[in-house]
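K.L.:
Chains S, G, D and B supply the protein sequences, listed in that same order. When you line the first sequence up against my numbering, it's residues 554 to 642, in that order. When you line the second sequence up against my numbering, it's residues 554 to 642, in that order. When you line the third sequence up against my numbering, it's residues 554 to 642, in that order. When you line the fourth sequence up against my numbering, it's residues 554 to 642, in that order.
Derived by calculation from the structure, the hints in this document are not laboratory data. Be aware that a few hints might be false.
Identical copies carry no separate label here, and so any pair may be met within one copy or between two of them.
Stated by the list, open to error - Quick list of in silico lysine-lysine cross-link-like pairs, DSSO-like style, CA-CA up to 27 Å:
no.	residue 1	residue 2
1	K635	K575
2	K642	K622
3	K622	K568
4	K629	K568
5	K568	K610
6	K575	K622
7	K635	K610
8	K561	K629
9	K561	K610
4 protein chains.
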Amino acid sequence: MINEEAKKNSLNRLKRIEGQIKGLMRMIDEEQYCIDLINQANAIRRALEQVALIIMKRHIESCVAEACKEGEGEAKIDELIKTVDRFIK
Amino acid sequence: MINEEAKKNSLNRLKRIEGQIKGLMRMIDEEQYCIDLINQANAIRRALEQVALIIMKRHIESCVAEACKEGEGEAKIDELIKTVDRFIK
Amino acid sequence: MINEEAKKNSLNRLKRIEGQIKGLMRMIDEEQYCIDLINQANAIRRALEQVALIIMKRHIESCVAEACKEGEGEAKIDELIKTVDRFIK
Amino acid sequence: MINEEAKKNSLNRLKRIEGQIKGLMRMIDEEQYCIDLINQANAIRRALEQVALIIMKRHIESCVAEACKEGEGEAKIDELIKTVDRFIK
Chain S
554 MINEEAKKNS LNRLKRIEGQ IKGLMRMIDE EQYCIDLINQ ANAIRRALEQ
604 VALIIMKRHI ESCVAEACKE GEGEAKIDEL IKTVDRFIK
Chain G
554 MINEEAKKNS LNRLKRIEGQ IKGLMRMIDE EQYCIDLINQ ANAIRRALEQ
604 VALIIMKRHI ESCVAEACKE GEGEAKIDEL IKTVDRFIK
Chain D
554 MINEEAKKNS LNRLKRIEGQ IKGLMRMIDE EQYCIDLINQ ANAIRRALEQ
604 VALIIMKRHI ESCVAEACKE GEGEAKIDEL IKTVDRFIK
Chain B
554 MINEEAKKNS LNRLKRIEGQ IKGLMRMIDE EQYCIDLINQ ANAIRRALEQ
604 VALIIMKRHI ESCVAEACKE GEGEAKIDEL IKTVDRFIK
């Protein structure tokens with residue numbers, strides 16, 4: 554499960570991402586140069602990926618590690634790999 | 554340059570993405586299952602990619618096509634390929 | 554460490570990928586349609602990602618799980634997350 | 554259509570990629586460390602992406618630019634955006 558540190562870290566980042574989304578909407582509204590708009594969308598995408606990685610790290614440290622200790626890691630590892638697979642696509 | 558249609562389409566999508574970000578923040582706050590959080594972050598990332606593609610399409614239809622007609626496409630195509638390169642990374 | 558099953562599975566897939574690379578070289582040599590060439594390159598990229606995921610799964614099942622059982626998962630999990638990060642970029 | 558320069562460039566890179574695939578197979582056969590295997594697979598994936606970008610650049614410079622000049626760019630741009638979409642997934 555997510556803990557206080559990962560929670561605070563990811564919520565802070567998502568608050569910043571909200572600001573970046575608003576910034577991108579303003580840039581589009583002002584009809585700024587398309588390549589700048591695309592690069593801004595890409596920067597937000599990267600920021601979101603970092604949030605997902607923070608949560609994934611915490612998930613492995615807690616749920617996956619716990620399951621492994623109890624010799625029942627298989628289902629958790631399968632689920633994790635499927636999640637990574639969706640993410641690299 | 555971006556036109557009314559691409560502007561409206563991408564702003565509508567970004568408004569929806571804002572809602573999805575808020576939804577993810579709530580899910581984190583409620584300490585929902587990590588894999589669900591990651592999948593939600595991934596869904597938002599996909600939605601952002603679609604916004605970028607709408608803008609890229611419009612960019613090719615206007616700036617790149619215009620430059621090609623005038624026999625000056627090279628710099629615009631270089632810039633576009635660099636943008637795609639940043640995006641697939 | 555990699556085991557016999559993951560070894561055999563990934564080597565078989567890499568042999569098939571070698572054939573796909575040769576196929577793409579032939580398609581380029583025959584000057585086939587660019588979009589078909591790009592789609593073929595993309596298919597090979599996907600096949601390579603699946604090889605990486607097979608090895609990653611095995612790595613988690615062995616090294617990461619082992620380290621977690623001994624209460625020393627932290628460094629292994631850090632390393633894994635950095636590897637996933639490089640992969641989604 | 555692909556031209557001599559893009560053809561030579563992409564074939565040279567694919568020949569190098571073939572060598573990298575063989576190298577990865579040897580690393581797997583020698584049961585090297587999983588993270589090194591994954592990083593090597595990732596390096597090959599990147600090299601493949603560069604081949605696809607070379608072909609995409611050439612495609613835009615020839616087919617897409619040509620179609621734009623004749624005022625018939627729409628279908629070519631649609632096709633290109635769909636190809637980029639498949640690639641960022």
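K.L.:
Which of the numbered hints are not met once you compare them with the structure shown?
P.N.:
2, 3, 4, 6
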